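Visitor: What follows is the residue order along each chain.
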Amino acid sequence: MKHDPDTRQKMQVFLAGIEGRAFRIAQFATGNRDEALEVVQDAMMKLAQNYSDHGADEWKPLFYSILQTRIRDWQRRQTVRNRFRTWFAWNEEDDEDTLEQYPADDAGEPSIRLEHNQFMTRLNRELGALPYRQQQVFLLRVWEGLDIAQTAEAMQCSESSVKTHHARALEKLQKQLEDLR
Amino acid sequence: MKPNDEEFEKRVRSTLDSGIANLDAETRSRLAVIRHAALAQKPFLSRWISFDNWGPAAALAMSVIFALVIFINPSFNKSPEQLALQDSDIVLELLLNEEAQDDSADPDFYVWLDAVMLEEEEAANAS
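Protein chains in written order, with the numbering used here: chain P, 1 to 181; chain F, 1 to 127.
Some hints could be false.
[Unchecked claim] Partial list, computed: chain P residues near chain F (C-beta under 8 Å):
id, residue
1, Leu15
2, Met45
3, Trp143
[Claimed, not checked] Pairs of lysine to aspartate or glutamate residues, derived as EDC-like cross-links and limited to a Cα-Cα distance of at most 16 Å, are as follows:
id, chain 1, residue 1, chain 2, residue 2
4, F, Lys2, P, Glu171
5, F, Lys10, P, Glu171
6, P, Lys175, F, Glu122
7, P, Lys46, P, Asp73
8, P, Lys172, F, Glu6
9, P, Lys172, P, Glu126
10, P, Lys163, F, Glu122
11, P, Lys172, F, Glu9
12, P, Lys175, F, Glu6
13, P, Lys10, P, Glu58
14, P, Lys163, F, Asp24
15, P, Lys163, P, Glu126
16, P, Lys175, F, Asp5
17, P, Lys175, F, Asp87
18, P, Lys172, F, Asp5
Hint data in this document are derived by calculation from the structure and do not stem from the laboratory.
These figures come from a predicted structure and were not determined experimentally.
Built from N, CA and C at the ideal position, the CB exists for glycine as well.
Chain P extracted, bound-state conformation (with noise of 0.2 Å):
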């Protein structure tokens, strides 16, 4: 990390605010907490060692870039993993955790709340359901709020295709909560 006090600071208030998002979008993709610890943890050291020097407005796309190279980094090791599991067939059901057991929000009206923790918990289990590619761009475009040239650059595909991924996680999504609505 920098020295300087000031880009230190920056940096600081950019991966405090940053953090929570990232942390759930590498869950999404990895579908474990621990695993996307490890993959946030990853991509911000990254970030910080090697462009902090880079002026602040880069940093989040940068840090997505980073974070998706990791994630792919991680389905690679998995896929390799899977192998050996289904070989020796292990039984590592208790690895996964859903994401379905996040928290709900208790704040609220008891009915507004059910009906938002219900719809939390439903759109936690589309996403997860969604193919990567698809759940990646929609969380980077809608949440994350990327445009779809940098979207197109951390995901390593044209824009045309976030165009099309981001068209079909909203048409799929829209569809399956579609009686939440």
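Here the structure of chain P is known, so what remains is to put chain F in place on it, guided by the hints.
Guide: Chain F alone, transformed into the frame defined by chain P:
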């Protein structure tokens, strides 16, 4: 994008945001630890240049050079007596060579010597 789509995405955003607000304490704590660790790192260049990286390599290189000087230098294994003897041989050889060089450098000396010896011999015969 349709108005319905925008409304839906807004709801998704707000729901996901409230999920962040309700993250459990352990996850929050671990994220804070990760953030502090990331901020505590040295920048890449200073890590690369630092003694931690180059110190051991420099020490190893110096050791190798020192070992080469000790084991490859031919005079390093000789005892002081051997070195002194070697030096005296060299001095003797130089002295002998110097005399030889004088011989070849001044042949008139022998012509003069022959002449002197001839004169002395004639003087002795005459007496």
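Visitor: Now tell me if each hint is right for this structure.
Guide: Verification of the supplied hints:
no., hint, in the structure
1, Leu15, "holds, 5 Å"
2, Met45, "holds, 5 Å"
3, Trp143, "holds, 5 Å"
4, F/Lys2 with P/Glu171, "holds, 12 Å"
5, F/Lys10 with P/Glu171, "holds, 15 Å"
6, P/Lys175 with F/Glu122, "violated, 144 Å"
7, P/Lys46 with P/Asp73, "holds, 14 Å"
8, P/Lys172 with F/Glu6, "holds, 15 Å"
9, P/Lys172 with P/Glu126, "holds, 8 Å"
10, P/Lys163 with F/Glu122, "violated, 130 Å"
11, P/Lys172 with F/Glu9, "holds, 13 Å"
12, P/Lys175 with F/Glu6, "holds, 15 Å"
13, P/Lys10 with P/Glu58, "holds, 12 Å"
14, P/Lys163 with F/Asp24, "violated, 34 Å"
15, P/Lys163 with P/Glu126, "violated, 19 Å"
16, P/Lys175 with F/Asp5, "holds, 12 Å"
17, P/Lys175 with F/Asp87, "violated, 101 Å"
18, P/Lys172 with F/Asp5, "holds, 12 Å"
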